[in-house]
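Got chain V; can you put chain S on it based on the hints?
Chain residues, written in single-letter form:
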Amino acid sequence: MSTGINWLKYSSPQAFYPLAGRLIPWFACVAVALMGIGLYMGFFVAPTDFQQGEAYRIIFVHVPAAWMSMFLYVVMAVWAGIGMGLNARLSFMMAQAIAPTGAMFTFLALLTGAMWGKPTWGAWWVWDARLTSELILLFQYAGVMLLRTSIDDMRRADRASAVFALVGVVNVPIIYFSVQWWNTLHQGASVSMATGSKMASTMLTAMLLMTVAFWLYSIAVILARARCIMIERESLPVWDEKAAVIQEAVEAR
Amino acid sequence: MQWGSASEFFAMGGYGLYVWTSFVATALCMVWEVSALWRRRVAARAEQRAALLGGTDETTA
Numbered sequence: 001m002s003t004g005i006n007w008l009k010y011s012s013p014q015a016f017y018p019l020a021g022r023l024i025p026w027f028a029c030v031a032v033a034l035m036g037i038g039l040y041m042g043f044f045v046a047p048t049d050f051q052q053g054e055a056y057r058i059i060f061v062h063v064p065a066a067w068m069s070m071f072l073y074v075v076m077a078v079w080a081g082i083g084m085g086l087n088a089r090l091s092f093m094m095a096q097a098i099a100p101t102g103a104m105f106t107f108l109a110l111l112t113g114a115m116w117g118k119p120t121w122g123a124w125w126v127w128d129a130r131l132t133s134e135l136i137l138l139f140q141y142a143g144v145m146l147l148r149t150s151i152d153d154m155r156r157a158d159r160a161s162a163v164f165a166l167v168g169v170v171n172v173p174i175i176y177f178s179v180q181w182w183n184t185l186h187q188g189a190s191v192s193m194a195t196g197s198k199m200a201s202t203m204l205t206a207m208l209l210m211t212v213a214f215w216l217y218s219i220a221v222i223l224a225r226a227r228c229i230m231i232e233r234e235s236l237p238v239w240d241e242k243a244a245v246i247q248e249a250v251e252a253r
Numbered sequence: 254m255q256w257g258s259a260s261e262f263f264a265m266g267g268y269g270l271y272v273w274t275s276f277v278a279t280a281l282c283m284v285w286e287v288s289a290l291w292r293r294r295v296a297a298r299a300e301q302r303a304a305l306l307g308g309t310d311e312t313t314a
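Read top to bottom, the protein sequences are chains V and S.
Each residue of the first sequence is one higher than the one before, starting from 1 at the first, in my numbering.
Each residue of the second sequence is one higher than the one before, starting from 254 at the first, in my numbering.
No lab work stands behind these hints: they were computed from the structure.
Don't be surprised by glycine CBs; every beta carbon is placed ideally from N, CA and C.
One thing to keep in mind: the hints can contain errors.
Each pair of labels, with its calculated beta carbon distance range [to be verified]:
| no. | chain 1 | residue 1 | chain 2 | residue 2 | range |
| --- | --- | --- | --- | --- | --- |
| 1 | V | L86 | S | F262 | 51 to 61 Å |
| 2 | S | W291 | V | N183 | 43 to 53 Å |
| 3 | S | F262 | V | A88 | 42 to 52 Å |
| 4 | V | G143 | S | F262 | 37 to 47 Å |
| 5 | V | D49 | S | V295 | 37 to 47 Å |
| 6 | V | R233 | S | L270 | 29 to 39 Å |
Next up, chain V with everything else stripped away, as it sits in the complex (with noise of 0.2 Å):
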């Protein structure tokens, strides 16, 4: 190992259960934070949009929202094929953490959307390609959660969501082109690598603040129910337990 620590140490639930349990506050309080500094920009000092009047400050959840329901599915993807490859269970404990998180947020953008588009465009939903791709994503979701629910065996339930959760990855960077493939109803990307921001600087800093605060929101729920999962998986999970409790247990036996 270069870096003179041993990832792979932590590649193990007992190692893993321990280390999430440390870092999940930090997350938490750095994310309520930022959530805090970014709403308070985007609500104070963000100027009004000379187009979209105040309906625009709907974009301070909305962007943030969809771009963590595509970036998360892409994660569990990635964790889906590392388990699938590695056989490791951690990897798939935490495809199956991630899922509900990433489907809430699916979610949100479209709620958050259709806000935005009854009063812009007059309609609360369209079947365009953008809206379109995203609903499909949100099937996505919920095709690897219902997947998992229904295998009794263990083994298998992880390799099925893993294989249909990397198969429809596919639709990842068809969202993302939507606007710049089709012609679509939806705007096309206010941010982008290419040409930069056509925002007002106030209105971009808001925005990504709150991106960083969803970001370590979900990094620390997904982090606390992958805890849950290794407690509700793992057959003897005693790491956890007080020493008391263990002790207790000793002695009743």
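Only chain S this time, still in chain V's reference frame:
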């Protein structure tokens, strides 16, 4: 700052319903997710503890 009063702030230039529904729904989802995880953790740990303390016929022999 562009808001003259609190009511102006909540009205959001006539888009209040849409803006606040978006933000409140997001907040509710996050609060619900955290509380659901908290309950899941409490339940999982209770089960784990019961298994550890109660034991089964094979382990208590």
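We went through each hint and held it up to the structure:
1. V:L86 - S:F262: 51 to 61 Å: holds, 53 Å
2. S:W291 - V:N183: 43 to 53 Å: At roughly 46 Å between Cβ atoms, N183 (chain V) and W291 (chain S) fall inside 43 to 53 Å, so the hint holds.
3. S:F262 - V:A88: 42 to 52 Å: holds, 50 Å
4. V:G143 - S:F262: 37 to 47 Å: Since G143 (chain V) and F262 (chain S) have Cβ atoms about 42 Å apart, the given range 37 to 47 Å holds.
5. V:D49 - S:V295: 37 to 47 Å: Given about 45 Å between the Cβ atoms, the range holds.
6. V:R233 - S:L270: 29 to 39 Å: violated, 44 Å
In summary, the structure is inconsistent with hint 6 from the numbered list given earlier, while agreeing with all the others.
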